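Number of protein chains: 2
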Amino acid sequence: MNSRRISPRAKAAPAVPSPWRASRERLRDREVKREAVIRAAAREFNLKGYHNTSLDDIAARLEVTKPTVYYYVTSKEQLLFECFVAGVEQIRAAFREVRDLAVPARERLNAVLRHYGEAVASEFGWCMVRAEDQDLPPAMSRHIKTLKSEIDHGIRRLIKEGVQDGSIASCDPKMTAFALAGALNWIAHWYREDRSLTGAEIADAFVTVFEGGLRPRSTPQGSVRERTRRRVRSAAVR
Amino acid sequence: MNSRRISPRAKAAPAVPSPWRASRERLRDREVKREAVIRAAAREFNLKGYHNTSLDDIAARLEVTKPTVYYYVTSKEQLLFECFVAGVEQIRAAFREVRDLAVPARERLNAVLRHYGEAVASEFGWCMVRAEDQDLPPAMSRHIKTLKSEIDHGIRRLIKEGVQDGSIASCDPKMTAFALAGALNWIAHWYREDRSLTGAEIADAFVTVFEGGLRPRSTPQGSVRERTRRRVRSAAVR
Chain A
1 MNSRRISPRA
11 KAAPAVPSPW
21 RASRERLRDR
31 EVKREAVIRA
41 AAREFNLKGY
51 HNTSLDDIAA
61 RLEVTKPTVY
71 YYVTSKEQLL
81 FECFVAGVEQ
91 IRAAFREVRD
101 LAVPARERLN
111 AVLRHYGEAV
121 ASEFGWCMVR
131 AEDQDLPPAM
141 SRHIKTLKSE
151 IDHGIRRLIK
161 EGVQDGSIAS
171 CDPKMTAFAL
181 AGALNWIAHW
191 YREDRSLTGA
201 EIADAFVTVF
211 EGGLRPRSTP
221 QGSVRERTRR
231 RVRSAAVR
Chain B
239 MNSRRISPRA
249 KAAPAVPSPW
259 RASRERLRDR
269 EVKREAVIRA
279 AAREFNLKGY
289 HNTSLDDIAA
299 RLEVTKPTVY
309 YYVTSKEQLL
319 FECFVAGVEQ
329 IRAAFREVRD
339 LAVPARERLN
349 AVLRHYGEAV
359 ASEFGWCMVR
369 AEDQDLPPAM
379 SRHIKTLKSE
389 IDHGIRRLIK
399 EGVQDGSIAS
409 CDPKMTAFAL
419 AGALNWIAHW
429 YREDRSLTGA
439 EIADAFVTVF
449 EGGLRPRSTP
459 QGSVRERTRR
469 RVRSAAVR
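Chains as they are written, first to last, in our numbering: chain A, 1 to 238; chain B, 239 to 476.
Hints in this document: simulated from the structure, not taken from any laboratory. Errors might be hidden in some of the hints.
[Unchecked claim] Straight-line C-alpha distance at most 30 Å; calculated DSSO-like pairs for lysine-lysine:
{"no.": "1", "chain 1": "B", "residue 1": "K412", "chain 2": "B", "residue 2": "K286"}
{"no.": "2", "chain 1": "A", "residue 1": "K174", "chain 2": "B", "residue 2": "K286"}
{"no.": "3", "chain 1": "B", "residue 1": "K286", "chain 2": "A", "residue 2": "K76"}
{"no.": "4", "chain 1": "B", "residue 1": "K412", "chain 2": "A", "residue 2": "K148"}
{"no.": "5", "chain 1": "A", "residue 1": "K76", "chain 2": "B", "residue 2": "K314"}
{"no.": "6", "chain 1": "B", "residue 1": "K271", "chain 2": "B", "residue 2": "K383"}
{"no.": "7", "chain 1": "A", "residue 1": "K145", "chain 2": "B", "residue 2": "K286"}
[To be verified] Calculated Cβ distances over 12 Å to all of chain B for the following chain A residues:
{"no.": "8", "residue": "R39"}
{"no.": "9", "residue": "L55"}
{"no.": "10", "residue": "E150"}
Predicted, not measured: the structure shown is a model, and the values here were computed from it. In this text, a Cβ means the ideal position worked out from N, Cα and C, and glycines have one as well.
Excised from the complex, chain A in its bound form (with noise of 0.2 Å):
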């Protein structure tokens, strides 16, 4: 924006600035600096936790006045509603960008679950994950279990199809989908005191561990494991 203030052309002609553009520029600022006071409000809840954490804690953070953050959200509740929001955005443009992929669903599978284990492993994990248990308002909490609901029933979709596309082995997609969402879910709970990966590091680790599996793909299908799996049972009788 600044560029084009100081480009030679305005400098010969300088234009009668748009109001229009003008207000769509203060409205893009203002929006920029909501974004900043959401991110701020996430660090801050990470750190001290949601109900530890006061509006002046985060104006205090930005450097500016409560009053400045009343200015871009009405409420604490409002914040941590929006921090999980910024969350789960992340996933549901993932969605969005594989739904006309022409690949096999796994791969657009894959491609969520990556994008999901980002967001957990970002400043909005701990909120995409916690905020439904903070006593938020009804309608709040209404908004996050359909958005939660949303996600779930999209990963088991790309899960059915990929059963009927031959690219995912025979599951039950519900159990398949809650086994994937909560490994995933759960990075939030350790990766502020474990940080040795990067995000997008832990999402691929995790999508190789959900690919392929505990059982090594050289072994003749069944046969070890029916062996092992009498030897169990013929060793817990004993």
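Assemble the complex: chain A is given as a structure, and chain B must be docked to it using the hints.
Then chain B, alone, in the frame of chain A:
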């Protein structure tokens, strides 16, 4: 115990009750009642959350007075800690059970993961996965961290053993352990609302997902995967 008192032999020649046995029985009786207090606390914490539950609530649920509760535990913090221990003890017992089984490590790991899943789906699940966040006294928090770390390292050890004995595919033991435990821990977040399966059924379903992974077993390794990966890339740059 009651059946022993009314057995024919006891009727024929009533023995002088041993003071030692009485003392042992009193101790056992105290232990049983203490367990009931801990179980009632777990249920209240599940229902209303830790901070919204008072010792009065727990006493009311047990139909006893608050001083009676204090006879078994010294504080609400200790109650939460005991609930945590009751949950993780089921997992620790599973590690002990499988330790000497002469079966491949993957089968031993699966057995531990099944018990883990059942524990998280039990009334102690919420306390197991959330006790650490509740601002407990430092000594309790340290103990909780130690027990969690012990379980984490137990899982990693079984994964490493499985990779060595060929029963588990080559993988990153730390990330794999985090993914497995995370999926299981997350059960505590959704199981209260969706109880369509038993804890054992969920644990079984999860172990099936972990074992097999998403990729179908019948697909020749790498072929479809590599092909679709190329297609995702080319689709992404469009």
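30 Å limit on alpha-carbon distance, applied to hinted pair B/K286 and A/K76: This hinted pair holds, its Cα atoms lying about 22 Å apart.
Pair hint outcome, B/K412 versus A/K148 [Cα-Cα no greater than 30 Å]: holds (28 Å)
Nearest-CB test (12 Å) between chain B and A/E150: holds (15 Å)
Least C-beta distance from A/L55 to chain B larger than 12 Å: Its Cβ never comes within 12 Å of chain B, the nearest being 21 Å, so this holds.
Pair hint A/K174 and B/K286, alpha-carbon separation not exceeding 30 Å: holds (27 Å)
Pair hint outcome, B/K412 versus B/K286 [Cα-Cα no greater than 30 Å]: violated (34 Å)
Non-interface claim for A/R39, where every Cβ of chain B lies beyond 12 Å: holds (23 Å)
Distance restraint between A/K145 and B/K286, which requires alpha-carbon spacing of 30 Å or less: holds (19 Å)
Hint consistency between A/K76 and B/K314 [alpha-carbon to alpha-carbon, up to 30 Å]: Holds, at about 29 Å.
Given pair status - B/K383, B/K271, alpha carbons within 30 Å: holds (28 Å)
Consistency with the previously given hints fails for number 1 only.
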